[in-house]
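Sequences listed follow chains A and B, in order.
Following numbering that gives the first Met the number 0, the numbering of the first sequence begins with 0 at its first residue and continues without gaps.
Following numbering that gives the first Met the number 0, the numbering of the second sequence begins with 0 at its first residue and continues without gaps.
It is possible that some hints are incorrect.
In the BS3-like style, the derived pairs of lysine-lysine whose C-alpha atoms are separated by at most 27 Å in a straight line are [unchecked claim]: (1) A/437 to A/623; (2) A/318 to B/282; (3) A/515 to A/544; (4) A/104 to A/50; (5) B/53 to A/332; (6) A/595 to A/533; (7) A/332 to B/52; (8) A/29 to A/50; (9) A/93 to A/212; (10) B/157 to A/332; (11) B/282 to A/104; (12) A/318 to A/479; (13) A/332 to B/232; (14) A/709 to A/734; (15) A/595 to A/525; (16) A/316 to B/282; (17) B/272 to A/104; (18) A/332 to A/316; (19) A/356 to A/318; (20) A/212 to A/481; (21) A/617 to A/557; (22) B/282 to A/332; (23) A/531 to A/595.
By construction, these hints were calculated from the structure, which means they are not laboratory data.
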Amino acid sequence: MTIRDIFDSMEYGPAPESNVEVLAWLAVHKNRFGHWIDGAFTTPGDTFATKNPATGKTLADVTQGTAADLDKAVTAARRAQPKWAGLSGHQRAKILYALARLVQKQSRLFAVLETMDNGKPIRESRDIDVPLVARHFYYHAGLAQLLPSEHPDMQPLGVCGAVIPWNFPLLMLAWKVAPALAAGNTIILKPAEYTPLTALLFADLSQQAGLPKGVLNIVTGDGETGAALVAHPGIDKIAFTGSTPVGRKIREATAGTGKALTLELGGKSPYIVFDDADLDSAIEGLVDAIWFNSGQVCCAGSRLLVQEGVADRFHEKLKRRMDGLRLGDPLDKCIDVGAVVDPVQLATITSMVDACKDGEIYRAATAIPVGCFYPPTLITGLSAASTLMQEEIFGPVLVSMTFRTPSEAVELANNTRFGLAATVWTENINLALDIAPKLKAGVVWVNATNLFDAAAGFGGVRESGFGREGGWEGLLAYLKPKLKTNSLPQTKAFPEPTTPEIVGLDRTAKLFIGGKQARPDGGYSKAIYSPKGKLLGHVGLGNRKDIRNAVEAAHAAKGWAKSTAHNRAQILFYIAENLSARAAEFGQRIRDLTGKSGDAEVEASIQRLFTYAAWADKFDGAVKSVPIRGVALAMNEPCGVIGALCPDEAPLLGLISLMAPAIAMGNTTILVPSETCPLAATDFYQILETSDLPAGVVNIVTGPHAELAKPLAGHLDVDAVWTFSSTPISALVEKEAAGNLKRTWVNHARARDWFGPEGEGRPFLRAATEVKTIWIPYGE
Amino acid sequence: MQTLTVPAKTQLQLAHARNPGMVLDLDWVASVQANTSAIERRATTLGGRRSVKKEFQAAWLLKAVSMIDLTTLSGDDTAGRVRRLCAKARQPVAQSMLDQLGMPSLTTGAVCVYHEMVETAVRALEGTNIPVAAVSTGFPAGLSPYHLRIAEIGESVKSGAKEIDIVISRRHVLTQNWQALYDETREMRAACGDAHMKAILATGELGTLRNVARASLVCMMGGADFIKTSTGKETVNATLPVTLTMIRCIREYQDRTGIKVGYKPAGGISKAKDSLLYLALMKDELGHPWLQPDLFRFGASSLLGDIERQLEHYLTGRYSAANRHAMG
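Next comes chain B alone, as it looks inside the complex (with noise of 0.2 Å):
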């Protein structure tokens, strides 16, 4: 497999090498299959297969929010939503539970933001190594022009993100123009330089799970180092199906090429119970690299407050409630 040379440098620690992307591949890309039925199956038998108990729970549920990309992507954000957000990204789950349960420094994956918001949320972070992560090119739509879109990549770079979340044009998708989705995702992954280029397939508006498929393919040959669902403004965003058409093409592109490449479900998930399923799918299919925040991110706002209720339900013993939990 001939894979193209990008420069790799990396600012973020990480246990494997960065995706280089490779040289579009239109015959593997053909020959992708991905069967409805039989992946709803899987996803629906899962829930029944895997079980998380007791304190296994608890390390289970602390590792999803320490993957979790604390996210805001409203009209109305301000400096100081964000600032408010950022502060929960530091102190995710109050101080007096993760000394209970031996895990005194614990931190968000990262923190999401639109571009005008990343240098507040910069700052807001000064100190930590919790990176900021910006949506870019026209987020959500991607129908901005195309060279404000790759700019647009620039700009959020030059303001400080260290992970870019990039839309994909889904017309490309739909009309099965695989060459110009490789082209666009190699030119947004040039343009985010040493960020880290999450592509989101916007799933909901893809149509079928066989397109879900391709596309990841094509994304990744083209450089992405994350493949994203969903940009949560989906009518149908995050699903297990989804999930799991996405992270077998992970794993095949990782048997092909030796190279890793990160997962993130957004949008939708919000029980804690659900993220449990994301993990448990995460290790079965592709293994304990992916359980860590190098290659699996939760993008989510409202899932941290359940999973802290959990947590206080563990310590405790008693079904906890919400106001008793800091807002992001």
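Excised from the complex, chain A in its bound form (with noise of 0.2 Å):
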């Protein structure tokens, strides 16, 4: 082409960015690798290919990761985790600091590497991955210097084990290691079978930060690599991000192992059109919400929601707007979408969109390279009910539908199993800001998308997984108390005797569930007897009907977590007031129920009350520094419905340490009291009648929690699952809170001082919430 024909047609040309220093980095390491262990690259093993999407050709082989390749690992880093942790916080954060410094100094290499493995454009790598990876490191260098005296009481959880995906190989470690390490904690990370390379040149790079040997390994491998460190004894935490059927597997593996655990999962987020938005605008965040790594995005905004009255409008210049995208090699430095990470991802996204029976499919009218480029695609006029709709593409596949009202999208926008991230765009601030919070995200950008950064929290709810990474919150989810804990036997209800003593008038004991006193379903109820064989009630016994019967009754009450701050603290303490009234007949009870003075547990419990009536309305959110014009806020929402299974040896106090906090976070809960001396709790529930608690808040089925447990853990419609039990149903409830990936938080058996430090506050507080972030670039 002369300079003359350009001058006409204007096209633009080939501008590819250079490989040569990848592939000098490569061929010194002879285009093979072992794993990265103990300070040093092992001798390869059996390897697999992995290759450039965009050419097919074969880039390195790299180490199927085995059990003992796993075993060294953990070895060497459980070696190392004591002098990693012992090292004072400003001696790690100079070591984070040199790692982000290094990224940075080696920028180009390490964007060129990614572009190569994975098949992203250099832009993004170039402009976005490794820019954030370095802000990681930087960020976390500063939590490292600062966690002895903001934490004091914390401590590293030891050895983690990462298990990344692809779309986002060098970011993803940087999100898992940062962190880990930040807190001291040493880690086995994973990567992805199809994006190795970036992990292995981190690793590469690492010696020359001072990072001491065995901090950091690598080890490669497929998901049964993976699967295999998710099982490994000697690990202490596992952080995943990836899918949810995967995510699921791993909180089944794990459950009752007593390993700490993060997944974040998939989503299909909805991305909200209103019709007063800057409809250009919005379409160009389309672009970075389904066209950004070509839709391989967990949080992409895959799922258009746009207001009817512009619907045919917005479609038509999207559509224009696609037809303007250029695909091609993902190191042109002048292409939006580059190929696909792997052809069996192609076939993948091929087969889904080909089984799309309704709506009407348009592919950008742009040329479509050949090989692993999947055309950006956009269907329209589908239902709620369609697949499409409902289930994860990853792929640069958008689906629309239309809604009529703020309300109407909501619902719609809430209408999955999902929840991790949400946009919205409208010119009108009123509208935005009561959207977000009704939005079922764990990150909501308003008039923005793909907004990321290490100072603010990226997580989900519901089924895309649960736990923060980055900001304060997600460090926390590698640290835990410096507590000495004993082993909590399970309690025993004293027996029935062979002449049980009979005082007073009988009494019935019922369950308490949407504000009424409702009988047991199953008709059956057990006696209560003191230690010297008084006979103190029956207690009915709860099935999984009445569980089904309670959780109903907590979701009717939502308007809960719309009440005030405020109110909730008023209605606490006016719990505290009525028990407060009646406190020697609790005293009583409690002497009765255990043959120990209760005057004391009386005492606490109300004292408790007091603690979360005070922290209703303190326990803030934050504004977090992001590097744009705008604020991120960071709030702390309800996790929804909480269902506990309460303590046994303290039957008012534990009940009440996990009722306080839940309800004056505005959750709704559903009590199972202490099995064995449950009758305090029935007694409560009187209490709770006569102090303004809207009907459903607090509800009680008493009965055995080997029973309850199941289908409490296991109803999809409850948000987090708590065990305080003495009975040991840890593992039962991490097991079934896989359904729905519900949050939980058990005690493996292991006692709590009730009347403690450790029996209230934050731990509880954060248990309570999610951490929800609303990005809200402003500027007129």
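Taking the hints as your guide, dock the two standalone chains into a single complex.
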């Protein structure tokens, strides 16, 4: 083509980024890698190829991690951990700072290698991924520096295992490694099978930052290696980012092991466009939402909800914009969409779209290169029932439907099993700030999309997983309290005497569901005796249907979350006041149930109610210092419906210690009281009845913990489940919770001093809340 | 959409119909939105998304030259100064370089001067197709008596200006008096006759991008052939966010009326690299027709010098010096 021709056609032409340096680095390693264990590469074992998806050519052979490899890595990490944790915060900060600098100094090498291994455009790896990686290490250098003074009562978990996906290989490494190391843990990271190379480059360079050997270990391999890492007994925490089905398996596999767990899973994130939005900007946002990294992004705005009145115009504009997208060589500096990560993924996307029989499919009228590429696609006219409206495609495919009103937009947006991110476009701040808190998502972007920063928590609700990455909230997922705990023996009910002592008028303890006393569905009761053989009363034996009814009642009371914190505080104070008025009676009841004086427990219960009445309007969110002109609000939102199996050993205080933080934060609850001493709880509902507490906020179902745990933890409409029961049901609860990936908080048969400082405070408030980050860029 | 008929005899060869304007549609004006943060984000990331290299870059830079309104708007302009500028417009790049590039005849898009210099410029450009553009209507503030502003247009047209760069009354935008802005634009357009009218919004003085968008629309409804960012005299002149805002309005106007309106960023574009970004933005947002001088111009004076240096670099592989290229 002559210059004259180009002058007339004004084509862009090729603008390739050089890959010479990357090829040189691969050649140094003879295009063959072992694992990175204990500060050195191991000899390559059985290998598999990692390919450039844009060309199909093999970049290098990497080693399939075996059980023996993992043993070696865990041993190295375990050996290195005490010394790493023993460094001062400042010493760890210096090394994290050096890692940040290294990433910056070698930024282009990382970017080019990432693009070659993953297929994403060089613009994305160069301008987004790698800068975010450096930022993450800088930020966590700061957290390491401040950790000892800010959280003197916390300690590292030990050895962490991380399993990360192929869509942001180096960024996900940073999200796992930076907080783990800042907190004093050591780590074994398993990169994705398709994209292991930037992790190996990072490890290779990490020595130059002075990272002690064994602190960071990389074991490559496929899903089997990942599963073996998850199952390894020498691991204290698993951090996983990936698909929801795999996350569910990990939840099941780790159930009852005591391993800490955070999961960042899939999504079908709504992208809501109101009719007063800047439509052209909303369309540009969609380019960043669903065609960023070919839509292979867990938080991709993949579900377009557009207000009916502007829908036709919006779709028309969108199609025109799609036609202008340039697909091509990911190393080209002038393309918008690169390659799909692997032919397997391409086949998945293709078959999902081909199976879609409703709606209207529009494929961008742009040149599609031969090979592992999929055209930007829009499917309009779908309904909520369409498969593609519900299932994550993980490709450059946007599905769309319309809504009429703001409340319908919220309903449609929340009509999903997922809850990772959401985007809202409107020029009306009243509308934006009204909608954002109502969306079931861990992250909400207003008039922007896919904004990330180390200071702002990222993570999901519902089946998008639990835990946050970034910010102090992210660091806490790599820490545990410095507590010496004892094992918790199972409490035994006092036996039925040969001749029970019967006193006074028979009183019937019932269940408490939806503000009403209810007989147990099964029609069975159990006698409760004092240590001396006095018949204290009968307690209903709740069953799965009672749990079901209680969950319904808890949902019917969802208005509680919208009540003001002041109002919730008032009610907690009032409950304390009414309990205080009957303190003597409750003290006597506890003495009868336990054989020990109950006055101290009643007094502690009153104090605890005061504690959470106090906290109700003081567990503040934050405004995060993110690098945009705008604010990122971290709002502490209630989890929703919390089920709790209460401690047996402190029949009143234990129940109140779980109930009060939950309802103070706006949750509604299903409480299963002490199995052996339930009558303090059933007396307590009389207090609740007279304390202005709305019906359904607290529901009490008595009965055997081992039986009630399963329907409660397995209920798909419960958002969190806690157990502090002395019955060993932690494994059961965690396993059943996998069904909808609800958050769990379990005791693993370890005791907790309900009378002491560990019986209350921030850990309870954190368990009762989810951090939602709302990004609001501004400027006129 | 109802359009008004305006006699459209034109001397310039156009690939499209002139904008006849339309009835003022206040509902449309009120519905326009412009989200500043989002527009800035798009503008900021553009440089990372588009890159033109080697012979493509050379061709694009030559294209940029062909769309420059080579401008002098100084109080100390003289006939001699204007003749020198016109000579540069005829021969913007050294002939030897143009020959090597295979583009032997290339001129700038126009020469842009004050009214007093129009005749000099017209004479200096005789024998070429380079039009003379006159800034008008009390440029740059637009606050001289209204009848004189209208009369000024007629004087410049009489002197041979083929293009008239009018300035709008910013106060009408700042007080949201769209009717007044529309009436003024229509009357100025009528005064232009066959000469093409570029409406200068002085975006740096309009306060918000929303105002920029609304003023853009009203000027197009009033019959502007081009909308132009700035006089070059405001503290902030052409920027990418302002450009994005204005060209999205041009697209919207075309969608509703079928009429293509031109765009001219002016002031502050002095680097070859910046000119490539503007061209990429026009290509991506509006398409190929806006890569021709009848729909796109750069209002610039020092841009050409940087382009010449980049072209020499392309030809020789060596970075160039300003003194190697003829002054305008």
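Going down the list of hints, with the structure as the test:
1. A/437 to A/623: holds, 20 Å
2. A/318 to B/282: Given that 27 Å is the threshold and the Cα spacing comes to 16 Å, the pair holds.
3. A/515 to A/544: holds, 16 Å
4. A/104 to A/50: holds, 26 Å
5. B/53 to A/332: holds, 13 Å
6. A/595 to A/533: Between residue 595 of chain A and residue 533 of chain A the Cα gap is close to 15 Å, so the pair holds against 27 Å.
7. A/332 to B/52: At roughly 10 Å apart (the allowed maximum being 27 Å), residue 52 of chain B and residue 332 of chain A satisfy the hint.
8. A/29 to A/50: It holds: about 15 Å lies between the C-alpha atoms, which stays within 27 Å.
9. A/93 to A/212: This hinted pair holds, its Cα atoms lying about 16 Å apart.
10. B/157 to A/332: Judged against 27 Å, a Cα distance of about 49 Å means the pair is violated.
11. B/282 to A/104: violated, 35 Å
12. A/318 to A/479: Roughly 50 Å between the alpha carbons, so the hint for residue 318 of chain A and residue 479 of chain A is violated.
13. A/332 to B/232: It is violated: about 35 Å lies between the C-alpha atoms, which goes past 27 Å.
14. A/709 to A/734: holds, 9 Å
15. A/595 to A/525: holds, 22 Å
16. A/316 to B/282: holds, 16 Å
17. B/272 to A/104: holds, 25 Å
18. A/332 to A/316: holds, 25 Å
19. A/356 to A/318: holds, 20 Å
20. A/212 to A/481: holds, 26 Å
21. A/617 to A/557: holds, 21 Å
22. B/282 to A/332: holds, 17 Å
23. A/531 to A/595: holds, 12 Å
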